[in-house]
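Heads up, the sequence shown is in the working numbering, so the first residue is 1 and it goes up one at a time.
Simulated from the structure, these hints should not be mistaken for lab results.
Even glycine gets a Cβ: it sits at the ideal position worked out from N, Cα and C.
Relax, there's no trap hidden among the hints.
Below, simulated PhoX-like cross-link-like pairs (lysine-lysine); rule was C-alpha separation at most 20 Å, straight line:
hint	residue 1	residue 2
1	Lys-104	Lys-148
2	Lys-70	Lys-22
3	Lys-173	Lys-143
4	Lys-173	Lys-148
5	Lys-151	Lys-104
6	Lys-173	Lys-104
7	Lys-143	Lys-104
8	Lys-170	Lys-148
Distance windows between CB atoms, simulated:
hint	residue 1	residue 2	range
9	Gln-129	Arg-155	14 to 20 Å
10	Ala-137	Glu-17	28 to 34 Å
11	Arg-171	Glu-66	39 to 45 Å
12	Ser-64	Ser-166	42 to 48 Å
13	Ser-64	Pro-154	26 to 32 Å
14	Arg-30	Ser-144	42 to 48 Å
15	Lys-104	Ser-26	33 to 39 Å
16	Asp-112	Arg-28	21 to 27 Å
17	Arg-98	Ser-166	31 to 37 Å
18	Ser-54	Arg-28	15 to 21 Å
19	Lys-170	Gln-29	39 to 45 Å
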Amino acid sequence: MTDFGDEISSHPATWPEGRLLKHCSSRRQRRSGPGGQHRNKVETAVVYEHELTSVTGSANEKRSQEANRKVALFRLRVNLALAVRCSAQPRCSDLWSRRCARRKLQINPRHDDFPSLLSEALDQVLESQGDLEPAAALLECSKSQLFKFLKLEPRAAQLVNDVRESQGLKRLK
1 MTDFGDEISS
11 HPATWPEGRL
21 LKHCSSRRQR
31 RSGPGGQHRN
41 KVETAVVYEH
51 ELTSVTGSAN
61 EKRSQEANRK
71 VALFRLRVNL
81 ALAVRCSAQP
91 RCSDLWSRRC
101 ARRKLQINPR
111 HDDFPSLLSE
121 ALDQVLESQG
131 DLEPAAALLE
141 CSKSQLFKFL
151 KLEPRAAQLV
161 NDVRESQGLK
171 RLK
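Can you build the whole structure from these sequences, using the hints too?
Laid out in structure tokens, this is it:
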């Protein structure tokens, strides 16, 4: 896990596409795609690597290179949200406030806002050593809503539970 602390002003998962891609290398690869074992062996696979952290995101399941590019970029953002830590902010972001109506967070895990929200939640929870109480209070939602959100990405829930165990706290289900 990379910890940027105060080195950068915002989490890379929240950056606009243009800014994020300036810090990434991309590769196109030949992989078998839809259509069978020997069909469609064209260069439609896309792999992005964030140069500062070596975090990657890739996609090859679509027939279109552009569709794979979008999926790979989304996966890169999610992987950055999981792997990179920034200093937690003293209050929740405007995006979080818009998404958290009446203390209930509403987001589809495939929505473009998901990686940004995931990075914000993980920064808060991990800064409080896995204790959801202070993170939920700052993020203006309940502890159950916060963990329900984290479970939308199983690796995030696992990360939080690993930190909780290391601090002598019970695992969350």
